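Engineer: Sequence:
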Amino acid sequence: MPKQTPCDTHEIEPIKNDKCDELDASLAEELRGSLLFGYIPVVPLAFLGLGIYRAWIEIAFVGTFVPFPFSMATPRDLFDSIMVLTVVLCAIFAKKLKTLVGRRSALTITGILLTTSTVLSFSAFYAPNIATELGTASGIVGGVGIAFMIVIWSEIYGSLNPFRVAAYYSLSIVAGALVIYVYEGFKFEWLFVMTALLPLVSLLCAHSALLHIPKSDRPARREATEFSIPWKAVFLMAAYAFAYGLLEMSSYSGGFGPHSSPGTLFAALAIFLGVCIRGKHFDFGLIYRGALPITVAAFLLLPAFNLFNESVSSFCISAGYTMQSILIMIIIASICYRYGASPIWLFGIERGVRQIFMLLGRDTSQALGSIGVAPANIEVVTSALAVISIVAATMIFMSEKELSSNWGAVPVIPETQSILPTEPRSKTPAEKKHELATRVATVAREYKLSTREEEVLLLLGQRKTVGIIERELFIANGTAKAHVRHIYQKLDIHTRQELFDMLGVETEHESNKQSSTSL
Numbered sequence: 092m093p094k095q096t097p098c099d100t101h102e103i104e105p106i107k108n109d110k111c112d113e114l115d116a117s118l119a120e121e122l123r124g125s126l127l128f129g130y131i132p133v134v135p136l137a138f139l140g141l142g143i144y145r146a147w148i149e150i151a152f153v154g155t156f157v158p159f160p161f162s163m164a165t166p167r168d169l170f171d172s173i174m175v176l177t178v179v180l181c182a183i184f185a186k187k188l189k190t191l192v193g194r195r196s197a198l199t200i201t202g203i204l205l206t207t208s209t210v211l212s213f214s215a216f217y218a219p220n221i222a223t224e225l226g227t228a229s230g231i232v233g234g235v236g237i238a239f240m241i242v243i244w245s246e247i248y249g250s251l252n253p254f255r256v257a258a259y260y261s262l263s264i265v266a267g268a269l270v271i272y273v274y275e276g277f278k279f280e281w282l283f284v285m286t287a288l289l290p291l292v293s294l295l296c297a298h299s300a301l302l303h304i305p306k307s308d309r310p311a312r313r314e315a316t317e318f319s320i321p322w323k324a325v326f327l328m329a330a331y332a333f334a335y336g337l338l339e340m341s342s343y344s345g346g347f348g349p350h351s352s353p354g355t356l357f358a359a360l361a362i363f364l365g366v367c368i369r370g371k372h373f374d375f376g377l378i379y380r381g382a383l384p385i386t387v388a389a390f391l392l393l394p395a396f397n398l399f400n401e402s403v404s405s406f407c408i409s410a411g412y413t414m415q416s417i418l419i420m421i422i423i424a425s426i427c428y429r430y431g432a433s434p435i436w437l438f439g440i441e442r443g444v445r446q447i448f449m450l451l452g453r454d455t456s457q458a459l460g461s462i463g464v465a466p467a468n469i470e471v472v473t474s475a476l477a478v479i480s481i482v483a484a485t486m487i488f489m490s491e492k493e494l495s496s497n498w499g500a501v502p503v504i505p506e507t508q509s510i511l512p513t514e515p516r517s518k519t520p521a522e523k524k525h526e527l528a529t530r531v532a533t534v535a536r537e538y539k540l541s542t543r544e545e546e547v548l549l550l551l552g553q554r555k556t557v558g559i560i561e562r563e564l565f566i567a568n569g570t571a572k573a574h575v576r577h578i579y580q581k582l583d584i585h586t587r588q589e590l591f592d593m594l595g596v597e598t599e600h601e602s603n604k605q606s607s608t609s610l
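Just so you know, the working numbering puts the end of the sequence shown at 610, numbered straight through with nothing missing.
Be aware that a few hints might be false.
Unchecked claim - Subject to a maximum C-alpha distance of 25 Å in a straight line, what follows is the list of computed PhoX-like cross-link-like pairs (lysine-lysine):
1) LYS306 with LYS187
2) LYS278 with LYS323
3) LYS523 with LYS189
4) LYS539 with LYS555
5) LYS555 with LYS581
6) LYS187 with LYS523
7) LYS572 with LYS539
As the list claims (entries may be wrong) - Label-pair restraints from in silico Cβ distances:
8) PHE277 with ARG576: 50 to 58 Å
9) LYS186 with SER214: 32 to 40 Å
10) VAL273 with PRO135: 19 to 27 Å
11) SER307 with THR586: 17 to 25 Å
12) LEU364 with THR165: 18 to 26 Å
13) LEU176 with GLU537: 31 to 39 Å
14) SER172 with LEU291: 18 to 26 Å
15) ASP168 with LYS539: 46 to 54 Å
16) THR455 with LEU295: 17 to 25 Å
Source of the hints: derived by calculation from the structure; they are not laboratory data.
Just so it is clear, the structure is predicted and the values come from calculations on it, not from any experiment.
Beta carbons: idealized from backbone N, C-alpha and C, even for Gly.
Working from the sequences, and respecting the hints, build out all of it.
Structural biologist: Here's what the structure looks like:
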């Protein structure tokens, strides 16, 4: 029988064991700075690189303040369509790709594509006679490059705990908006050069962010487990994307675009501050409960009763969509983090479907205008369609609602033939991860654990130490130990081994024995 260390037993009282405390103290020292003033999460600057590529998209392809000498409609439609095609192809070939963020060649190609796209777009100012052709080429090249960029950042965020996703992603949106505000003051030559640098900076941030992720949680080049598609989560975002696409162009008021509008900035800041202020009591459902009334007000109440003006409606549209985008990022990243689904596969599907529905909404709005429908009637029809979409999304959300739900993502076990029919098939890491997350969610509901206690239980089941749990969940010193005590009391257990038995977690000895047997 293998010798147990004090940290392996982890009884309620022995949490105070000197050796465990020394280990946790050293980890806390190593990870110092995860909380500022005891409650504000310190976000590593590298993770804000996601906001930088968002800023590049608005500057290079939305054209809210850059007067490109060609119609933005054609390049942007091409940009969106090529992006959809590329992310879907990445999802289809996810098992072969395995990872992009871990490949220098992928980072290099992405940087070349996006820099080339920037050069092509801005070169139209110097060659106006071929401006349309340059814009078209920029849209094609940029669509491929941005798809790779999305996949790269999806892998990073799919390796993070949901609480970190909420804080990092919301603050990266704020960072992207601030970058755009700064760039609006640049002269043309500086704007050209600095815009071309944005994708490169984002990729450097992605590479640095990967190093901030524990090795055990990083995207690895291993055989991916097939999962069923979590259609509820995918279509939850698709419904909002369709509604947003219906009135997207009218939501750009005062020179603001989708990533720089006041509503976007407000929503992202509100969620980040919510994570800070509410801390261990933060409820992810608050994001949806905030997005729903704001979006309904934007699409129905304000236009119907002629309240305020278009800028208020635009503010609400952007804020509601941003809140929903953050929520879906948390949900999809949580499925990857908890259940071991491939981020390339899952985010590829979600982003592809989302963009398709947004294009459908945009095209529907344009089609109503092209067939001669009066502007007042167009507003009524688009608002009605938008509200129908939001109601559908509400029904989808209420059918799951829990962050810990797998939203339909279940491992697909392949039918393999073995030489010995009775020989058990060894489970893949993703299957083990899925089983643990499912069992944790069941135990949490059965014993009425809080959301934060459920997160702590999951990390305990992954054999993470108290010091790492404090870092992962933005918990102040000593709070993780209190959570562990409460969990043990609610589950009526006294040792870490009892916890493992309840969750069906193999001990390290059993895991190593199974690995050697399979070899």
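Engineer: Hint by hint, say whether it matches the structure.
Structural biologist: These are the hints, each one checked on the structure:
1. LYS306 with LYS187: 21 Å, holds
2. LYS278 with LYS323: 46 Å, violated
3. LYS523 with LYS189: Cα-Cα ~19 Å, so holds.
4. LYS539 with LYS555: 22 Å, holds
5. LYS555 with LYS581: Distance of about 20 Å is within 25 Å: holds.
6. LYS187 with LYS523: 21 Å, holds
7. LYS572 with LYS539: Status holds; Cα separation ~19 Å.
8. PHE277 with ARG576: 50 to 58 Å: 55 Å, holds
9. LYS186 with SER214: 32 to 40 Å: 39 Å, holds
10. VAL273 with PRO135: 19 to 27 Å: 21 Å, holds
11. SER307 with THR586: 17 to 25 Å: With a Cβ separation near 23 Å, SER307 and THR586 satisfy 17 to 25 Å, so the hint holds.
12. LEU364 with THR165: 18 to 26 Å: Violated, since LEU364 and THR165 (Cβ atoms, about 40 Å apart) do not stay within the stated range.
13. LEU176 with GLU537: 31 to 39 Å: Once the Cβ atoms are compared, 45 Å apart, the range 31 to 39 Å for GLU537 and LEU176 is violated.
14. SER172 with LEU291: 18 to 26 Å: The hint (18 to 26 Å, Cβ to Cβ) holds, given that SER172 and LEU291 are roughly 25 Å apart.
15. ASP168 with LYS539: 46 to 54 Å: 50 Å, holds
16. THR455 with LEU295: 17 to 25 Å: Between THR455 and LEU295, where Cβ atoms are some 39 Å apart, the hint is violated.
In the structure shown, a violation is registered for the earlier hints numbered 2, 12, 13 and 16, in ascending order.
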